[in-house]
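Since chain A is already given, all that's left is putting chain B on it; use the hints.
Residue numbers (my numbering), protein chains in the order written: chain A, 1 to 342; chain B, 1 to 342.
Any given hint could be a false lead.
No distinction is drawn between identical chains; accordingly, a pair holds when it is met within one copy or between any pair of copies.
What the hints assert, rightly or not - Here are the simulated BS3-like pairs of lysine-lysine, each with C-alpha atoms no more than 27 angstroms apart in a straight line:
no., residue 1, residue 2
1, 100, 64
2, 92, 326
3, 225, 209
4, 326, 100
5, 92, 233
6, 233, 100
7, 225, 326
8, 220, 100
If you are wondering where the hints come from, they were derived from the structure by calculation, not from laboratory data.
Now for the letters of each chain:
There are 2 protein chains.
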Amino acid sequence: MTEVSRRTFLAGTAGSTAAGLAGAALAAGGVTRVNAQAPRSAQLPAASPAPAGARPIPSAYRYKVGQVQVTAIADGMRTIPLSDSFVRNQPKAQVNAALKAAFLPENEISIPFTVLLLDMGGRLVLVDTGNGPGQGPVGQLAATMRAIGVDPAQVDQVVISHFHGDHINGLLTAEGTPAFPKAQLMVPEREWAFWMDEGQMSRAPEAMKGSFQNVRRVFKPFEGKVERYAWDKEVAPGLTAVGTPGHTPGHTSFALDSDFETLFIQSDITNIPSLFVRNPSWQLMFDMDPAAAAEVRRNTYDRLAAERMMVAGYHFPFPGAAYLDKDGDGFAYVPVLWRPAL
Amino acid sequence: MTEVSRRTFLAGTAGSTAAGLAGAALAAGGVTRVNAQAPRSAQLPAASPAPAGARPIPSAYRYKVGQVQVTAIADGMRTIPLSDSFVRNQPKAQVNAALKAAFLPENEISIPFTVLLLDMGGRLVLVDTGNGPGQGPVGQLAATMRAIGVDPAQVDQVVISHFHGDHINGLLTAEGTPAFPKAQLMVPEREWAFWMDEGQMSRAPEAMKGSFQNVRRVFKPFEGKVERYAWDKEVAPGLTAVGTPGHTPGHTSFALDSDFETLFIQSDITNIPSLFVRNPSWQLMFDMDPAAAAEVRRNTYDRLAAERMMVAGYHFPFPGAAYLDKDGDGFAYVPVLWRPAL
Chain A
1 MTEVSRRTFL
11 AGTAGSTAAG
21 LAGAALAAGG
31 VTRVNAQAPR
41 SAQLPAASPA
51 PAGARPIPSA
61 YRYKVGQVQV
71 TAIADGMRTI
81 PLSDSFVRNQ
91 PKAQVNAALK
101 AAFLPENEIS
111 IPFTVLLLDM
121 GGRLVLVDTG
131 NGPGQGPVGQ
141 LAATMRAIGV
151 DPAQVDQVVI
161 SHFHGDHING
171 LLTAEGTPAF
181 PKAQLMVPER
191 EWAFWMDEGQ
201 MSRAPEAMKG
211 SFQNVRRVFK
221 PFEGKVERYA
231 WDKEVAPGLT
241 AVGTPGHTPG
251 HTSFALDSDF
261 ETLFIQSDIT
271 NIPSLFVRNP
281 SWQLMFDMDP
291 AAAAEVRRNT
301 YDRLAAERMM
311 VAGYHFPFPG
321 AAYLDKDGDG
331 FAYVPVLWRP
341 AL
Chain B
1 MTEVSRRTFL
11 AGTAGSTAAG
21 LAGAALAAGG
31 VTRVNAQAPR
41 SAQLPAASPA
51 PAGARPIPSA
61 YRYKVGQVQV
71 TAIADGMRTI
81 PLSDSFVRNQ
91 PKAQVNAALK
101 AAFLPENEIS
111 IPFTVLLLDM
121 GGRLVLVDTG
131 NGPGQGPVGQ
141 LAATMRAIGV
151 DPAQVDQVVI
161 SHFHGDHING
171 LLTAEGTPAF
181 PKAQLMVPER
191 EWAFWMDEGQ
201 MSRAPEAMKG
211 SFQNVRRVFK
221 PFEGKVERYA
231 WDKEVAPGLT
241 AVGTPGHTPG
251 HTSFALDSDF
261 ETLFIQSDIT
271 NIPSLFVRNP
281 SWQLMFDMDP
291 AAAAEVRRNT
301 YDRLAAERMM
311 VAGYHFPFPG
321 AAYLDKDGDG
331 FAYVPVLWRP
341 AL
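Only chain A is shown next, with the shape it has when bound in the complex (with noise of 0.2 angstroms):
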């Protein structure tokens, strides 16, 4: 080291200079919140517009899996009070903690929404639709799309993962016609039974009761036309149906395999995996089946870590891909690397 460098570097370590790295607040020492220090900037106007000329940036992503071009699309993300039910077997304490250890703020959660749209040869294949139109800072797809260059009506094909709102409602415009009219519409045949059925609705709690009126809601306008499909079958070239149920009784993943790689889509095995994902046995408040689906994941990510297989997420950080490691009893999320060319 010159002495040059050594004086700054000192300077910097002793604290001694007010405006050495981050300036007073690590001189300070203790302050072990972000943006816990003391504001030291010089005055800016109160707005920051965009620059001139400046457009809003998609929050799109684009990979390959073998000859498949996938395009991660974000349909927006929704920020929520932490509630003392998000994690049924967990206190908030508890939640708060892993938040903080994931540099997340404590007392919200904010979950993001990714739909996949997948590129086979030029043929277009969606797999969910995301919130749908007037949700605010979700319900984004359509418009991430036309950003994009894809207009929804090109797509070929809309394969549901199963019949939350997060993922059904796209399937219609503002006006309540197909969002994607020209798609050929496959859903879950076990999650359909479930949802259609008169009697489950009836037995259901009240506060279950809209889901399965929204699902009324949004299928109405493709009456005779919604294909259902069964797990373990091939629902596009290369892109299998695996049942993984717990979330909701239907609820699907899907492995798509193209040359020699393999996408493992998980859909909502888990929420975010700051929480789930680093501890998998912790219980959604959105799981119908709590321990069925605690199972699922475990024995899931088991095999996706054994295999280092790629997994992409509904629910994951966008762009929403990573590989999954074993750690300790949870698992580590390693997202991939983005690349900014294919």
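Relative to the frame of chain A, chain B by itself:
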């Protein structure tokens, strides 16, 4: 668990259905590499063109630090074979083990380049400039800026961290004229003093002489207009230069402070995190004073981890912003959560 779901789940567990979770590969077991399973996809056309009308997706991401709007803009990524000397003080086998642990391909290194555009209440400040035009998979800065609606001519100020070609070559267009014609150009005075010194150039090893000549080539069109800044000074409102020498003699990082938030812009305190954040004592071949670089790295990261401060790295995986957490003798790299909207 219902009978139905149990049946499917058990079928998957036993690997008794060829089309279960990821098919035969998982059933066979013992396959430990990604993409190692036999192909089972239906044949697709050889080419997988972008869907009609699809545009390339710019790799750009916006986030806020206090009142400052930060746009991470990918200049591209370069993949090079892993040489024996890429990490000076580790055998290649050890480096490959670290790559594998990070779920990255062995025997190659993919290095991303991410430039930051800071919008300070309408004033646009660019930190570094990328590899410059005509560099194949890199040198994409200007094109990506235009794709998100920012004209390089709008940039008010360019601040350079150090004089390696991947940071300064983007100052010029393919025609050799200033790429950001309106911008005030600021460089570290210590970096300027080192690289512009004729004695240093004449004493430099032959392999380094090209770097000295490149510095002269790049700055020639700016003769008399290059403003040299000192460490520990504000170079723009809230943007303080922090001396972090070792990678180069005048290598500079920045602390961006606005309201109660701070982003530490580390520049090249380290290269890719899977190797050097994980193992801060590993020495990169491009570090001119490896021992000084390692010392600066460890001390800086100790502080960033203790303060839980966000850090942006020029060679970090896009979008290149993260938190660092102490983890054994090294640090864990925790990418920031991607937020689709500001």
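Checked hints:
| no. | hint | result |
| --- | --- | --- |
| 1 | 100 / 64 | between (33 angstroms within a copy, 20 angstroms between copies) |
| 2 | 92 / 326 | both (25 angstroms within a copy, 25 angstroms between copies) |
| 3 | 225 / 209 | within (24 angstroms within a copy, 70 angstroms between copies) |
| 4 | 326 / 100 | both (21 angstroms within a copy, 14 angstroms between copies) |
| 5 | 92 / 233 | neither (40 angstroms within a copy, 44 angstroms between copies) |
| 6 | 233 / 100 | neither (41 angstroms within a copy, 33 angstroms between copies) |
| 7 | 225 / 326 | neither (43 angstroms within a copy, 55 angstroms between copies) |
| 8 | 220 / 100 | neither (44 angstroms within a copy, 49 angstroms between copies) |
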